[in-house]
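Novice: Top to bottom, those sequences are chains U and A. Start counting the first sequence at 62; every next residue gets the next number (the numbering used here). Start counting the second sequence at 62; every next residue gets the next number (the numbering used here).
Some clues are possibly wrong.
No distinction is drawn between identical chains; accordingly, a pair holds when it is met within one copy or between any pair of copies.
Calculated cross-link-like contacts (lysine to aspartate or glutamate; reagent style DMTMM-like; alpha-carbon spacing at most 25 angstroms) [what the hints assert, rightly or not]:
#1 Lys235 - Glu168
#2 Lys164 - Glu221
#3 Lys223 - Glu168
#4 Lys337 - Asp151
The set of hints was computed from the structure by calculation and includes no laboratory data. Just so it is clear, the structure is predicted and the values come from calculations on it, not from any experiment.
Number of protein chains: 2
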Amino acid sequence: MNLKSYLQKKRKGINRKLSDILPRPTKYPYEIHRAMRYSIFPGGKRIRPILAIASCEALGGKEKDVIAYACAIEMIHTYSLIHDDLPAMDNDDTRRGKPACHKAFGEAIAILAGDALLTYSLQTIISANHKNFEKIAICLYNNSSTTGLIGGQVMDILSEGKKISSKTLNYIHKNKTAALISCSAEIGALSAGANLKDVENMRKYGINLGMAFQITDDILDVKGDEKKAGKKLRKDLSAGKNTYPGLHGLEKSIHIAKKYSREAAKIASSYGRKGKILTEIANFISKRTS
Amino acid sequence: MNLKSYLQKKRKGINRKLSDILPRPTKYPYEIHRAMRYSIFPGGKRIRPILAIASCEALGGKEKDVIAYACAIEMIHTYSLIHDDLPAMDNDDTRRGKPACHKAFGEAIAILAGDALLTYSLQTIISANHKNFEKIAICLYNNSSTTGLIGGQVMDILSEGKKISSKTLNYIHKNKTAALISCSAEIGALSAGANLKDVENMRKYGINLGMAFQITDDILDVKGDEKKAGKKLRKDLSAGKNTYPGLHGLEKSIHIAKKYSREAAKIASSYGRKGKILTEIANFISKRTS
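Just chain U, with the same shape it has in the complex (with noise of 0.2 angstroms):
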């Protein structure tokens, strides 16, 4: 199967089983579940699930074994979406491609989507009763608090109209958005049963696949189109975020953008045949437009 083929697929399995999860519109209080699902689908790239699935597959495990986490670490990354897009933090009114959640709920009823869709990662994650249930859980859990999302979410805002080192943006990106997609691949090696090694592997895949992904998110607020994005573009300037090319220029960090995909490639062609899927995950992160 090829890349495209494949990230369809997977997209749609899980997508049907985030609607399976999570509580129907026509369950009270209508207004909290209607907002839920509004954020959470259609949906941007799936990038995370679907590595998590790939990763599992890719060291002998099926999709079965890994989807509840796979659609837990989708609830976690759109809850930090929802909170994210708040007037309070970075105030972006649109988010894949339509309204952000508060502009279409309000504030309130966006802020407690997020909590609820984090708190529902949690039930997701109890639920689906694995045997390496402990080390899935504070994998994803170390990965998403101050130690991981939360904590590049808040030097993020923290460092926002300010000069920064090279070394805080790196903080930044690893822990802002490197951290859930890392442990995304981590998961999927743990669901499998994989050895040390292989999970250690993944973690490395994870975190350079992801450091080369938010660097070219970087890139593309210069350069990408709007509406291939799905929201607003060339803001990070205006609101005086840090940046790979805001700090480095655009030249280098198309480099070193490369240069972590590549390592990621490299990791994950390591596993030959089996590796191929996120072999070409790698590839294609390094070359994607939106």
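Put chain A on the given structure of chain U with help from the hints.
Specialist: For chain A alone, coordinates are given in the frame of chain U:
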């Protein structure tokens, strides 16, 4: 031991454990860890974690069996207070006798501190590694989700300034307040390894206690002392909040609150000497003045 000494002793133990679990304020990124601790300490009555311990002890368990869960409950309670106090929600400037988190740290950090406390609650319960972990986790997050705490807050927000039925007001109070109080008592029983009947009794005790607690809170907003409460009072009416005194009048509300606390006391006293503390807590709630 009399109730006052018991509460003091348990509060001290809970605060010590919370301080051990939560990241130091000297841990990077400092601001988020400071904000989390700012909202957690010195804290309020700690009624929820104390209930979890008291219920565990009443059913033959030890404090060490439940203390991690008790702390997780307090983290969830505190995250909900931080988010509820935000300008987009209840817009409260004061909490637990000092400026609300968003007044002290700004809105963005307050939103993230709430997210972080919810995330830490899960990290805390996973590390606890209790044989009844799954039941405890399901109880905790069902009661914190849109089927509990969040559901109650959603309807509270959506009902502001509207005339609602007594059924909707009961839904709000049951979910926004009684759900987490009830699950505290239930988790105490689960941690003690209690049988189904005792777990169910503790759940019912908690629901009754929680309703008595919230109706008393409504009453105190009308006739309480701001200094003792540590927060602004007499704002339910001006905020268009639906309350028991608003819907049923003061006298009938006092009567209903007493009925709920009597019912809680009745369940607790069926455990004889072992249920003494739980009985006293129920009696205390109906007499509380702050």
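Novice: Please work out whether the CA atoms of Lys164 and Glu221 approach to 25 angstroms or closer within one copy, between two copies, in both situations, or in neither?
Specialist: both (23 angstroms within a copy, 20 angstroms between copies)
Novice: One pair to classify: Lys235 and Glu168, alpha carbons no more than 25 angstroms apart. Within, between, both, or neither?
Specialist: between (28 angstroms within a copy, 24 angstroms between copies)
Novice: At most 25 angstroms between C-alpha atoms: does Lys337 with Asp151 qualify within a copy, between copies, both, or neither?
Specialist: neither (37 angstroms within a copy, 52 angstroms between copies)
Novice: What label fits Lys223 with Glu168 when the C-alpha limit is 25 angstroms: within, between, both, or neither?
Specialist: between (27 angstroms within a copy, 19 angstroms between copies)
Checked against the numbered hints given earlier, the structure breaks only hint 4 and satisfies all the rest.
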